[in-house]
Amino acid sequence: MITAGIDFGAKNVKVVILNDDKIVARGSALTGFDLKIAAKAASEMALKAAELKIEDIVHITETGIGQGSVDFAADSVSEVGANAKAGVKLLATARTIIDVGAEEARAVKCDETGSMKDFVVNERCAAGAGAFVEAMSRALEVELGQMGPMSLKATEAVPMNAQCTVFAESEVVSLIHNQTPKANIARAIHDAIAERVVSMVRRLGITEDVLLIGGLAYDVGFVDSMKHGLGVEVHVPEFPEYVSAYGAALVAQERVKE
Amino acid sequence: MTEMKYQTKPLDIWNEGKALRQQYYENYAKAHERGGIRWAGGAWAYSAVPSGLGDDVWSLTGEPYGASVAFNKEFAARCQEAIEAKGFARDLCAYLRNYLGSVVLDEYVFGGEFPKPDFMWTTHICCSHAKWYQIASDLEGGVPFFCIDVSTGLTEDFNERRRGYVVNQLLDGIDWLEKTTGRDYDDEKLIQAVYNECEATSLWAEICVLNKTIPAPLDEKTMYSLYVFGTLMKHRPEVVAFYRKLRDEVQDRVDTKIAAVGNEQRRVITDTQPPWGFLEVFRYLEKHGVVSVGSLYTFSLIGAWEVKEDGTWGPRTTPQQQGIDIKTRKQALEILADWTHARPEWQHFYSAHEKSDLMLRIVREWKVDGVMLHYNRGCEGLTLNIAENRLAFKEAGIPVLPFEGNMGDEREFDLERTKKAVDSFLELLGVK
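So the protein sequences, as listed, match chains C and L.
15 is the number of the first residue of the first sequence in our numbering; add one for each residue after it.
90 is the number of the first residue of the second sequence in our numbering; add one for each residue after it.
Errors might be hidden in some of the hints.
Unchecked claim - In silico DSSO-like links for lysine-lysine, alpha-carbon gap of 27 Å or less: (1) L:K376 <-> L:K310; (2) C:K103 <-> L:K521; (3) L:K376 <-> C:K131; (4) L:K508 <-> C:K54; (5) C:K54 <-> L:K521; (6) C:K131 <-> C:K103; (7) L:K521 <-> C:K123; (8) C:K241 <-> L:K483.
Since the hints were made in silico from the structure, they are not lab data.
Every value quoted in this text rests on a predicted model; they were computed, and no experiment measured them.
Same shape as in the complex, but just chain L:
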């Protein structure tokens, strides 16, 4: 362990976050007992929209669920074997395999039987998501399924016509939700959920901006446990409340120079999902004073960003901050579509150069010394273009460590070999 330079302490809000996450999975599992509704879909889904059905509508988002399964290596292996035994290929999305395996085993990773949703509500964000819930629906005996096509390209190309394409699907989706659940749809609840989502995702960006500080008040391993609320229920008031408190605490850590890693010497970032079963890699870096201060993934999978007047990246100004009064269902959906399709993480799917530019921006503004790129066999969509990104960093003179693995399948990750490669990277960064 290198010399401690800064004071450090755990987050005061940590246990509150743990309880909030536990409550989320329990709310979903026990929704029926309490007279509520359950739906399942991707973390990229328009989760604010089903909120119009009532306050007792609970979701289970597949990717964080798949990551939770991955963290439990024994259960993950059983899930993967179960779904592969049904003929699903090993090179499919690891989250998908963990989720579907859990369905096939009829076991919920948090205990008990797998809670069957009342409907599926999702988006075609990538090749896996285009089929994921259709298959889940079939496996669960024909659960009603609605999917929105979001193939609208880069944010800069998201014009009125493209927005209309998405919004019309959402309007159809609301009719479908009413028919499927037999409930009346409440536009006021939708509008509140849109306000919540905009505020929660902007708050997360604000929290990430605080990590530009040296020493970093948050390390990425901790951020994984915090950004996740935006992938679970970014539209819920409890997430807004949590992120407000978190923002205040992180600001306090900045003001009082409380570091995430007391021996911070070098700062790195990663690019996309980590190998969830092997987060100890981050602790290995930290032993040598290297802290990962974030990633394009943790910052912008849910974070809402904009370029500020001084040219730096900052939290996006929310509709409420702009004084926008949302009055109609269509207006709410248009604002939500504009907000959603501007998420930087969306750009991964369309442009290697855009991803490189975004990461280079983070390198500059977050004062980063090196980049780790995960050739993630578990996610084709977000691993796309990594070789191109590596070249961009190389041209910019930034040390890069590409490493191979899988976010959700431990059979495809070699910890010792990765640590060896990390050793070389540490030497390149001048800390070992």
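Isolated chain C, as found in the complex:
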């Protein structure tokens, strides 16, 4: 049975196509202003990779910010619901799944079946999400992809305001003027965001194993800061930004079987 999941992220729309529970293709497109266009582009990319047509897909479930914006999705699931479902599939022992995307961070506690037990989502502030790292990399004049490796070379911990992207940016500027090495600043940025996410996750209670997903899970500096902040091992799956879409596709499978 072929199903698909679409995840409308703040920065990218992601699509995962499943044949039974096997991933056969992924697709992604910049979200931009028109969610329909982005969803179409991401879907076409995945369909092309899978050599399928949209009619071949039995059921499509959507998740993320733009639910209801495409007519080819049959239903929806929340991101935390999708994350719980996919997280346990990817790592059977996962019980806490932390998703840090471009504009939002969220965490879900789940059981061995992938059922959500509790969740927490950051409120109206980008300081605990990927947009924060993007803004800081611009201030540091460092390629986004280099922030992680640079952060791992830090020699000293530098405290930084974790509460507001705007204030943090002015702090970065001050640190640059103080001749603080860029590696130490990059580390301070990752620690600041991790501190905020960890504080949010602690409201749930940390139950191992912990799986870190979302676009920021690609950033090795952030992952390291999260490990230190949580004080436990943090697992990162392959293609971490596609996990919500994968979860939505798994939910689609369940709903067809129902």
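Based on these hints, arrange chain L on the given structure of chain C.
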């Protein structure tokens, strides 16, 4: 929309309630034309006391007025901008900003110029209320202002000495009212107003108790339009009469299984003021069969409660039910102070644990499946302790949805993001 399980219909008394509310705001606005007196103050004020000045004394309570402004988003934005332009910070109480903005604009949300009160009569219930009417008085050119300090702590600590502290201020206040208005004070009218207030607030608790029934005869969005009379004029005979009729109708809905929400599957409660401009969140819940059956706020901001013999919460026994014959001004004020300071909503300000315990009681007795907690940036006082309350629910194994917003400032509420969080909550409750 999930499957309809119960019969449902609107309240028969609904239009009567609308007319009563409209009459309240009109009575205040037209009081001078009719030879009456206008006063302004908080909904927590001892509103029965100015009644001794006559039957033609009309009040404008600031919080419901601020909420009415919030419901009119365009006007609310203008009020907020007007008061912020005068240097008042955006993180102050949203009701205060809506009220003061309306004063500065000289526009009444119900039409016409803002009706200036003859005096201010209020209490220091929270940090905002401690200054609200002092500022309003200044903005309106020095309206006479009397404020009562009510910082007496938890109900269990409200002893004779503390009651005396409040009652002495009220006695001074009555002298001040006579001097300020030039009218003689009538103790008989005060006594009747105290009887009315006790009966109205006990009746509201009785109505809330009926919502323990499955299906709930009332949903919280509807309750907002009903509890409000207790915040406008809980001492007036027309409110007593309205609540008696409402109690009878809700009892009838219970007897005949008329539901507020025909597809009721799950029951939730909230904690404090909602984002007034976005009550559609409740309708969104209802689409999925989730009904909010009340809150500590709707039940007990005005409701008078006591623990009954069987250990459950019920309406407080009124002085008249106890056969108490109030004979003197002081006795009336003592009874009123005892009654007022036992209101459960009062406990918010003093104890996180007390608030959690009260809400856990509601969860148990009203058969509640989940709790929504509003991190209300518009009200520091009643938002205090929410993180602590969340932990208490978590320990009790009750699903909780904290959401961020503002009761009166739409700039601080993100509807789509809130709906997304609600979606996750609905999944947690097993209905989506």
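Cross-check of the supplied hints:
1. The straight-line distance between the Cα atoms of K376 (chain L) and K310 (chain L) is roughly 14 Å, inside the 27 Å bound, and the hint therefore holds.
2. Our distance criterion of 27 Å between C-alpha atoms is met by K103 (chain C) and K521 (chain L), whose separation comes to about 21 Å.
3. About 23 Å separates the Cα atoms of K376 (chain L) and K131 (chain C), which keeps this hinted pair within 27 Å; it holds.
4. For the hint pairing K508 (chain L) with K54 (chain C), the CA-to-CA distance comes to about 24 Å; that is within 27 Å, so the pair holds.
5. At roughly 26 Å between alpha-carbon atoms, K54 (chain C) and K521 (chain L) fall within 27 Å of each other, so this suggested pair holds.
6. Only pairs whose Cα atoms come within 27 Å are accepted, and K131 (chain C) paired with K103 (chain C) is accepted, the gap being roughly 16 Å.
7. Annotation: proposed proximity of K521 (chain L) to K123 (chain C) holds, straight-line Cα distance about 18 Å (limit 27 Å).
8. Proximity of K241 (chain C) to K483 (chain L) is assessed by CA-CA distance (about 25 Å); at most 27 Å being required, the pair is judged to hold.
Hint violations for this structure: none, all hints satisfied.
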